[in-house]
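Peer 1: So the chains spell out like this:
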Amino acid sequence: MKLLRNVILAACMGLGLASCGDRERATDVAAREGVLMMGNGSEPKGLDPHLVTGVPENKIISALLEGLISYHPTDDLKPEPGMAESWESNDDYTVWTFKLRDAKWSNGDPVRAGDFAYSWERMLTPALGAEYAPMLYVIKGAQAFHNSETDDFSTVGVKVIDDKTLEVTLEGPTPYFLNMLKHYSFFPVNPRVVEEFGGMADRSSRWSTFENYVGNGPFVLKEWVTNQVIRVEPNPTYWDAGTVKLKGIEFYPVENAATEETMFRGGRLHMTNTVQPDKIPIFKEKMANELKIEPYLGTYFYRVNVTRPPFDNPKVREALAVSFDKQLLVEKVTKGGQAPATGYVPAGIPGYATSDKVQYDPERGRQLLAEAGYPDGKGFPNAEILINTSEAHRKIAEAMQAMWKQNLGINVGIYNQEWKVYLDSQSNLDYDISRSAWIGDYVHPSTFIDMFTTGNGNNDTGWASPQYDRLVAQAQVASSEDERLGLLRDAENLLLTELPIVPVYWYTRVYLKDPRIQGWNPKLLDNHPYKYVSINAE
Amino acid sequence: MAKFITLRFLQGILVLLGIYAVTFFLVAATPGSPFSSERAIQPEILAQIEAFYGYDKPTSERFIVSLGNILHGDFGPSAVYANRSVTDIIAESFPVSLKLGSISLAIALLLGIPAGILAAVKKNTWLDYVPMSTAMAGICLPTFVMGPLLALVFGLIFAVLPVAGWFGPEFVVLPSATLGLYYAAYFARLTRGGMLEMLNQDWVRTARAKGVPERTIVWKHCLKGGLIPAITFLGPALAGIISGSFVVETIFQVPGLGQWFVKGALNRDDFLILGLTVLFASLIVLMNLLVDIAQVALNPRLKYD
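Chains as they are written, first to last, in the working numbering: chain A, 1 to 538; chain B, 539 to 843.
Keep in mind that the hints were calculated from the coordinates and are not lab data.
Don't take each hint at face value.
In silico DSBU-like links for lysine-lysine, alpha-carbon gap of 35 Å or less [what the hints assert, rightly or not]: (1) B/Lys-637 / A/Lys-222; (2) A/Lys-247 / B/Lys-637; (3) A/Lys-284 / A/Lys-315; (4) A/Lys-513 / B/Lys-637; (5) B/Lys-661 / B/Lys-541.
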């Protein structure tokens, strides 16, 4: 082996490859210099906080911009002061007043309360077509403005008292408004810069390219090479620049999990975005220090099209939901420490325990199916599971197929569609059973529960329950948090009785992390304020 | 010859127009939209976005507008990557693919053609068997096996080369070797076949009988004709290599065109798909023209007509 190695080394030298040999790995050099190299999934579609919707984008934007409230390094609920130095609300949580600190944009402009008003107006301007605009509907009058019922932004509950004071009036009592504010759809943009590059409603504005980007976050954009790397460096004008420890972050858009793993092991990444499920048992054994399995606020489930027989019968849906062994599935198929979903809203939300309503009970499943008119699956029509093309989804679907066959005697097929086609089929209700998932936008059950109201764009099951709609509406205006959580609990129970969805598992974040990284704590929404992160040289 | 080139060039333009039209209408007829996302978009928002990109107009009208734009060299914006135009994307990734492609092609030709000639001249000796079995294995070993294998050996076990990325000369070695070796195998087999056919010609026997040295027979008389199959393959190979190999680019994280082909298709990014299709088709048309010219130059039995 040694001889071979020397031969190869000599050959490399011969080829004039200066960097060959026992050189330091790129990650070692970076660690010494305080630069974090992380895998970041796919190439970001953009870095304009008002136009993007994805996780890779979020991870970069949260280094470049800061909202009124920031993510706390360890506590998922605790509001961390961001641009807002202090805040208060009236007794019923409908009017919030934020005092802004003395902060600057990376071009030296001061951050003013008016910048937030401008940003939220931009987000809600119909012509911009911001996909996340409905997040802001919590603000009074925002929906009407967004739906072009008025073009007067002063009707929206956002009031600039002075340069340092912002008053926000909400549609209803929302004690968790501070949690929502952490989401990038509430982030500010610099109005002067946006106006310079084409104005508020220009979707293809070049203000967010790396040459022009102006932020107010702990880092500034230094380099953006498409499909290769995005580099950020500490922002000298950041109000809390003293806390920032890293000397830079490099985000690598690596979509292929195998490549990412090779890069991690080959000293080109300190942290991966994901790992291949099949490798998890090996990593557990051989890279236990690097492998991280952490809870994540997401649910993997199957949507059931309740407009199609036999799935219009709740008994059939319940039979499906109780007749596969989730425990077996997470142990043998997904392997990433996921928790079997006995309810819909995932674990970890303070004050809201998970439901245990949907338990594995094949005996009951058979009985329900018989009551629905299909004893031992006899006469059950051909049905199919729709998945988007992916090996991991196929494996899960195959496991479900086998367990339903064994427990209920029904034959279910599997077919895959490309992502965009699959999305179309799902929203057109052109499926029997469809693989789905939902990741929370903020830490509150409503981010999961609200979507199954009648006609909600994310419902996609055809399920409509006036009672459910009523519970959700009541929750939105509940006067206390206890009452609200109680109403949402009732709504979830109803959802789990009618079962337009079959819960499968609760997500975990599984990734590889260099032990030298400090200050990177498990977080339910996978948001890690970078200013607290550091990396040791050793 | 000028007439031949002009004629073929005009044919090429027609082919490109045809390809463009077919691609446009196929893309328009495919289900899915560049703007759909897992989180439902409200119909009003969707309508705004669609209007921005011109999707509110009928397909035929969109075709005429987009054709006009393309003829002016404007491939439009990317429908998915905000604030990037298709021209930006191509301008950024094409040079990378060109570099990776030319180096790979050089490896392919420098290894493949001599190996093929050697195998043909030393037919049925170990100098034939060894390179040809290796070549067969090379053809059978797809790049998605070869790539990780090379990365494992040179990047992880011996740690002499970077496993992925595109930041300097040493990063070019593994991807171009993966791509180059694969095509080298093809060139070796094609060259061997072409050379053997030549070496078995009657006039070669005559030449040998007359005492012409073997070296002259191989290099002077047979090489030109023997290379024809390889040259024919060169056209598509060149276009394929240059426009990027998705697999190799993914394995080694090379920011070339190939990744965009796949991203464009998966994202249903219509403008990007069309722009790349036009680029790829033009490359093929151009390469085939060059190959045709080269073939006539090599083979006196063909004429430009």
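Peer 1: All hints, please: hold or fail.
Peer 2: Hints, one by one, checked against the model:
| no. | hint | verdict |
| --- | --- | --- |
| 1 | B/Lys-637 / A/Lys-222 | holds, 25 Å |
| 2 | A/Lys-247 / B/Lys-637 | holds, 32 Å |
| 3 | A/Lys-284 / A/Lys-315 | violated, 40 Å |
| 4 | A/Lys-513 / B/Lys-637 | holds, 33 Å |
| 5 | B/Lys-661 / B/Lys-541 | violated, 42 Å |
Violation of the numbered hints given earlier is confined to hints 3 and 5; the remaining hints are satisfied by the structure.
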